[in-house]
Amino acid sequence: MSEPQEKMAATLAAQAHQKETQARFRTEVIEGGGDYVIADAVTPHEIFHTLDIPVISLAWYSAVIAAKRLSPYYFELMDQLGYHDGLPRYGSLPFMTTLDGDPERAPYGGLPKPMLILERLRGDFGQKIGEQWSRAFGGAPLVALDSSSVSELRPSWYTRSQHDWEELYETPRLDFQVEQLRGLIAVSETLSHRNLDMAEFRAVMHRVNRAGELVDKAKQIIARTRPAPVALPEQLTNIMAATWSRGSQWAIDHLQAYCDELEMRAEKGVAACPNERVRLLWVNNGLWFNTAFYRAFEEKYGAVFVWSMYSNFFSDGYRKYFGEDDDPLRALAARHISMNEQLHLPGWMSEWIIQQARDYQCDAAVMLVPVGDRMASFGTKLCALALEQAGIPVLTLTASMVDARLWDNDAMIARVEAFLEDRVMT
Amino acid sequence: MAETPLDRLRIAYADPHGIAQARKAAGARLIGYFLNSVPVELILAAGLDPIRLRGMPADTPQRAGAYMEEYFDGEVRAIFEALLADRYALLDLLVVPRSSEVYLQLYYLIREIPRWEPQARLPETSLFDLLQTPGYPTARYNLGRMKALATQLCEIGGRGVDDAALAEAISAANRLRTALANAAALWRGPSPRLSGSDALCVIGAASVLDPADAIAQINALVAEPPPELVRSGPRLLIKGSPQHDIRFTSLVESCGAVVVAHDHLGGDRTFETLVSEEGNPWEALVHHYQREIPGPRAYPQAREDTRFIALAEAAAVDGVIILHDEWDDTLGWEYPDQKRLLDARGLPVLFLKRQPYFDPPQDEQRRAVTAFIESITGGAA
Numbered sequence: 001m002s003e004p005q006e007k008m009a010a011t012l013a014a015q016a017h018q019k020e021t022q023a024r025f026r027t028e029v030i031e032g033g034g035d036y037v038i039a040d041a042v043t044p045h046e047i048f049h050t051l052d053i054p055v056i057s058l059a060w061y062s063a064v065i066a067a068k069r070l071s072p073y074y075f076e077l078m079d080q081l082g083y084h085d086g087l088p089r090y091g092s093l094p095f096m097t098t099l100d101g102d103p104e105r106a107p108y109g110g111l112p113k114p115m116l117i118l119e120r121l122r123g124d125f126g127q128k129i130g131e132q133w134s135r136a137f138g139g140a141p142l143v144a145l146d147s148s149s150v151s152e153l154r155p156s157w158y159t160r161s162q163h164d165w166e167e168l169y170e171t172p173r174l175d176f177q178v179e180q181l182r183g184l185i186a187v188s189e190t191l192s193h194r195n196l197d198m199a200e201f202r203a204v205m206h207r208v209n210r211a212g213e214l215v216d217k218a219k220q221i222i223a224r225t226r227p228a229p230v231a232l233p234e235q236l237t238n239i240m241a242a243t244w245s246r247g248s249q250w251a252i253d254h255l256q257a258y259c260d261e262l263e264m265r266a267e268k269g270v271a272a273c274p275n276e277r278v279r280l281l282w283v284n285n286g287l288w289f290n291t292a293f294y295r296a297f298e299e300k301y302g303a304v305f306v307w308s309m310y311s312n313f314f315s316d317g318y319r320k321y322f323g324e325d326d327d328p329l330r331a332l333a334a335r336h337i338s339m340n341e342q343l344h345l346p347g348w349m350s351e352w353i354i355q356q357a358r359d360y361q362c363d364a365a366v367m368l369v370p371v372g373d374r375m376a377s378f379g380t381k382l383c384a385l386a387l388e389q390a391g392i393p394v395l396t397l398t399a400s401m402v403d404a405r406l407w408d409n410d411a412m413i414a415r416v417e418a419f420l421e422d423r424v425m426t
Numbered sequence: 001m002a003e004t005p006l007d008r009l010r011i012a013y014a015d016p017h018g019i020a021q022a023r024k025a026a027g028a029r030l031i032g033y034f035l036n037s038v039p040v041e042l043i044l045a046a047g048l049d050p051i052r053l054r055g056m057p058a059d060t061p062q063r064a065g066a067y068m069e070e071y072f073d074g075e076v077r078a079i080f081e082a083l084l085a086d087r088y089a090l091l092d093l094l095v096v097p098r099s100s101e102v103y104l105q106l107y108y109l110i111r112e113i114p115r116w117e118p119q120a121r122l123p124e125t126s127l128f129d130l131l132q133t134p135g136y137p138t139a140r141y142n143l144g145r146m147k148a149l150a151t152q153l154c155e156i157g158g159r160g161v162d163d164a165a166l167a168e169a170i171s172a173a174n175r176l177r178t179a180l181a182n183a184a185a186l187w188r189g190p191s192p193r194l195s196g197s198d199a200l201c202v203i204g205a206a207s208v209l210d211p212a213d214a215i216a217q218i219n220a221l222v223a224e225p226p227p228e229l230v231r232s233g234p235r236l237l238i239k240g241s242p243q244h245d246i247r248f249t250s251l252v253e254s255c256g257a258v259v260v261a262h263d264h265l266g267g268d269r270t271f272e273t274l275v276s277e278e279g280n281p282w283e284a285l286v287h288h289y290q291r292e293i294p295g296p297r298a299y300p301q302a303r304e305d306t307r308f309i310a311l312a313e314a315a316a317v318d319g320v321i322i323l324h325d326e327w328d329d330t331l332g333w334e335y336p337d338q339k340r341l342l343d344a345r346g347l348p349v350l351f352l353k354r355q356p357y358f359d360p361p362q363d364e365q366r367r368a369v370t371a372f373i374e375s376i377t378g379g380a381a
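Line by line, the protein sequences give chains L and P.
For the first sequence, the working numbering begins at 1 and goes up steadily by one.
For the second sequence, the working numbering begins at 1 and goes up steadily by one.
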């Protein structure tokens with residue numbers, strides 16, 4: 001086995017693409033005053049991809065702020081403005097950059113007034129942030145997609161959601177979501193003076209499905225290959241770059257190149273950790289300000305994180321197939337209508353993660369239970385119970401996923417090491 | 001001494017489970033529900049018997065703690081503990097509204113529990129997926145959910161709900177709202193006759209008792225009110241997380257204030273608006289629950305804040321205490337705007353953030369409230 005000393009070519013390409021996207025954003029939007037949209041991660045970016053309007057994803061911008069270790073500054077600003085310290089932090093960072101009003105500090109020069117702000121009202125607070133953010137921009141339109149709730153969590157969502165989504169997500173909900181999407185399209189067309197090209201929209205939807213198939217192919221390579229041919233941080237870079245550009249031909253080409261390179265590394269025995277002895281799941285949201293943590297246990301224990309929910313949710317959660325006579329808008333409705341719920345509701349969350357543990361040949365799981373973002377903590381207890389019942393030991397780490405101030409790296413490493421020694425390596 | 005109407009309402013408030021058992025023994029087919037966002041009119045129209053459920057602080061999470069994260073609102077944790085203790089097994093149906101995220105999560109937890117505790121006697125549970133964004137598509141979706149709930153009520157033994165039955169039920173529920181609005185003068189008026197704690201008892205009892213019984217008791221209370229309170233402290237409004245129990249209100253009043261209004265899901269705004277009795281009753285019901293009831297998802301916020309200020313002004317308050325649950329992730333977003341609105345009117349505000357439901361820090365609360373009252377009265381309270 002040989003250990004790669006350099007990043008994958010695909011990883012470098014993904015990072016270059018991100019930089020190009022940022023450069024385009026700076027040129028077209030910040031300097032050129034062009035239209036763009038601020039959107040919750042779990043919203044139909046595909047509409048804007050089709051309209052060729054840049055999208056800034058809240059989750060992505062939050063992660064960038066956290067990665068640049070700017071979150072402490074904005075959290076202190078939050079305190080000063082009267083927002084108490086128990087409020088959700090993950091989605092509030094981008095809003096705080098606007099209230100701060102300092103483009104020199106904010107990543108990529110800060111966010112100018114958008115064409116619109118798009119929220120999906122899963123929790124109870126998205127509309128509250130959205131309204132105030134809209135006002136802070138001097139009246140940016142806010143489109144709030146309400147979030148209906150499924151009455152029954154039918155089993156095996158990850159095998160049914162690609163073709164059997166009409167029954168899985170329930171027809172009245174899909175009817176409502178389609179109506180909301182039609183409203184969003186009408187607003188977007190009016191504000192942008194553009195027209196949603198139905199043929200191009202259909203093509204975007206097919207390309208997302210194709211990209212999802214390639215993510216699944218990448219999963220199969222990583223899952224079957226021991227030692228794993230790629231480290232988790234590089235998985236995230238490649239998959240997330242494709243996720244944010246999911247309707248594009250670039251995403252397909254990139255994921256194809258990523259798969260090819262993974263195959264090549266697997267054949268050559270190139271490993272993220274040649275000494276791999278234990279394979280781990282990282283359960284729940286990512287630790288964006290400290291992705292090096294994922295690799296902190298390789299040298300000493302041969303313990304490798306091979307999966308997080310970002311590894312293949314694109315393949316299992318995003319793909320929605322539809323016929324040539326079907327309305328692709330209904331497939332788009334199905335894509336986002338229960339997306340968070342599949343990741344966080346007890347039952348749906350645990351059954352998927354147990355399946356991933358088996359597919360990826362994992363021995364144990366480390367679960368992040370976020371503080372300051374309770375929505376992301378819901379379901380974790382039952383998920384941990386289910387994993388343990390399935391024979392997968394679980395360590396839960398309670399921490400903020402974006403606030404570096406609250407992270408004690410030495411203590412967290414010690415906890416994972418103790419877990420490995422006491423429950424996994426025995 | 002003979003039991004007064006207020007006594008009877010206090011008893012109903014204090015022992016809702018006892019009331020539920022008594023109603024059940026008398027032949028009621030009980031449909032339990034949470035919060036203010038399940039249309040009791042549908043339950044009444046189906047010939048069934050609504051009863052609103054609330055958490056009890058004594059139900060500290062034991063079994064519930066194995067499954068439910070501690071970041072849930074304390075009251076929801078108490079409710080889940082009571083569910084696991086079979087407290088709600090007497091219900092014919094439990095309806096959980098989607099009008100609050102933690103209650104939605106509670107619904108899914110309830111559905112998951114039989115896998116882990118097959119011996120638990122949980123009631124049949126239904127989600128009422130009420131959405132509260134303004135707009136016609138949302139109204140159409142809500143209408144569908146209302147019809148689905150009516151169908152389910154019929155399936156468990158209720159009558160089919162037709163327009164005439166629904167109109168009559170709307171009228172009955174409005175009579176209860178009107179009775180409460182009349183009673184509100186007893187705590188909100190210039191010379192209060194009921195304390196804020198008793199106000200919560202009256203409001204709480206109204207949805208525990210059979211509606212006809214509740215109307216009779218409340219009307220009797222209004223007809224024979226207690227004497228004026230002998231209190232001279234500042235008039236305060238309590239706002240924030242639901243205060244279905246009277247602990248905090250009692251504490252505030254023991255510090256010398258008079259609590260004359262509550263703006264939360266157990267308070268005055270839950271009966272402020274009647275359902276329209278004109279036109280199509282289904283559409284009237286949809287409009288009411290989508291747009292006219294308070295709740296954490298009610299939107300836009302400025303509309304809600306206007307109603308909050310209207311209540312504060314109608315009650316002629318001298319100040320406002322805003323209290324948020326320990327793990328609140330929602331109401332805190334409203335606070336800076338609400339403080340500005342209060343500042344503009346010269347109304348002082350005390351903000352108690354992150355307050356635990358179980359074993360609250362009452363000494364700290366007392367010190368903060370006393371200092372707040374003194375800041376209003378100049379130390380003369």
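In case anyone wonders, no lab produced these hints; they're calculated from the structure.
Be aware that a few hints might be false.
Here are the simulated distance ranges between beta carbons [as the list claims (entries may be wrong)]:
| no. | chain 1 | residue 1 | chain 2 | residue 2 | range |
| --- | --- | --- | --- | --- | --- |
| 1 | P | P336 | L | G269 | 55 to 65 Å |
| 2 | P | E117 | L | D102 | 29 to 39 Å |
| 3 | P | S171 | L | E76 | 25 to 35 Å |
| 4 | L | D102 | P | K147 | 25 to 35 Å |
| 5 | L | E324 | P | P134 | 34 to 44 Å |
| 6 | L | Q355 | P | E277 | 50 to 60 Å |
| 7 | P | E117 | L | R415 | 54 to 64 Å |
| 8 | P | K339 | L | E76 | 49 to 59 Å |
| 9 | P | E117 | L | E167 | 37 to 47 Å |
| 10 | L | A67 | P | P134 | 48 to 58 Å |
Reference listing, derived: stretches of chain P covered by chain L, where coverage requires no fewer than 3 residues with Cβ under 8 Å from a Cβ of chain L [what the hints assert, rightly or not]:
| no. | segment |
| --- | --- |
| 11 | 151-157 |
| 12 | 175-187 |
| 13 | 291-303 |
In this text, a Cβ means the ideal position worked out from N, Cα and C, and glycines have one as well.
Do the hints match the structure? See the list:
no.: 1; hint: P/P336 with L/G269: 55 to 65 Å; result: holds, 58 Å
no.: 2; hint: P/E117 with L/D102: 29 to 39 Å; result: violated, 53 Å
no.: 3; hint: P/S171 with L/E76: 25 to 35 Å; result: violated, 54 Å
no.: 4; hint: L/D102 with P/K147: 25 to 35 Å; result: violated, 52 Å
no.: 5; hint: L/E324 with P/P134: 34 to 44 Å; result: holds, 37 Å
no.: 6; hint: L/Q355 with P/E277: 50 to 60 Å; result: holds, 53 Å
no.: 7; hint: P/E117 with L/R415: 54 to 64 Å; result: violated, 30 Å
no.: 8; hint: P/K339 with L/E76: 49 to 59 Å; result: violated, 19 Å
no.: 9; hint: P/E117 with L/E167: 37 to 47 Å; result: violated, 29 Å
no.: 10; hint: L/A67 with P/P134: 48 to 58 Å; result: violated, 37 Å
no.: 11; hint: 151-157; result: violated (count 0)
no.: 12; hint: 175-187; result: violated (count 0)
no.: 13; hint: 291-303; result: holds (count 6)
Of the numbered hints listed earlier, those contradicted by the structure are 2, 3, 4, 7, 8, 9, 10, 11, 12.
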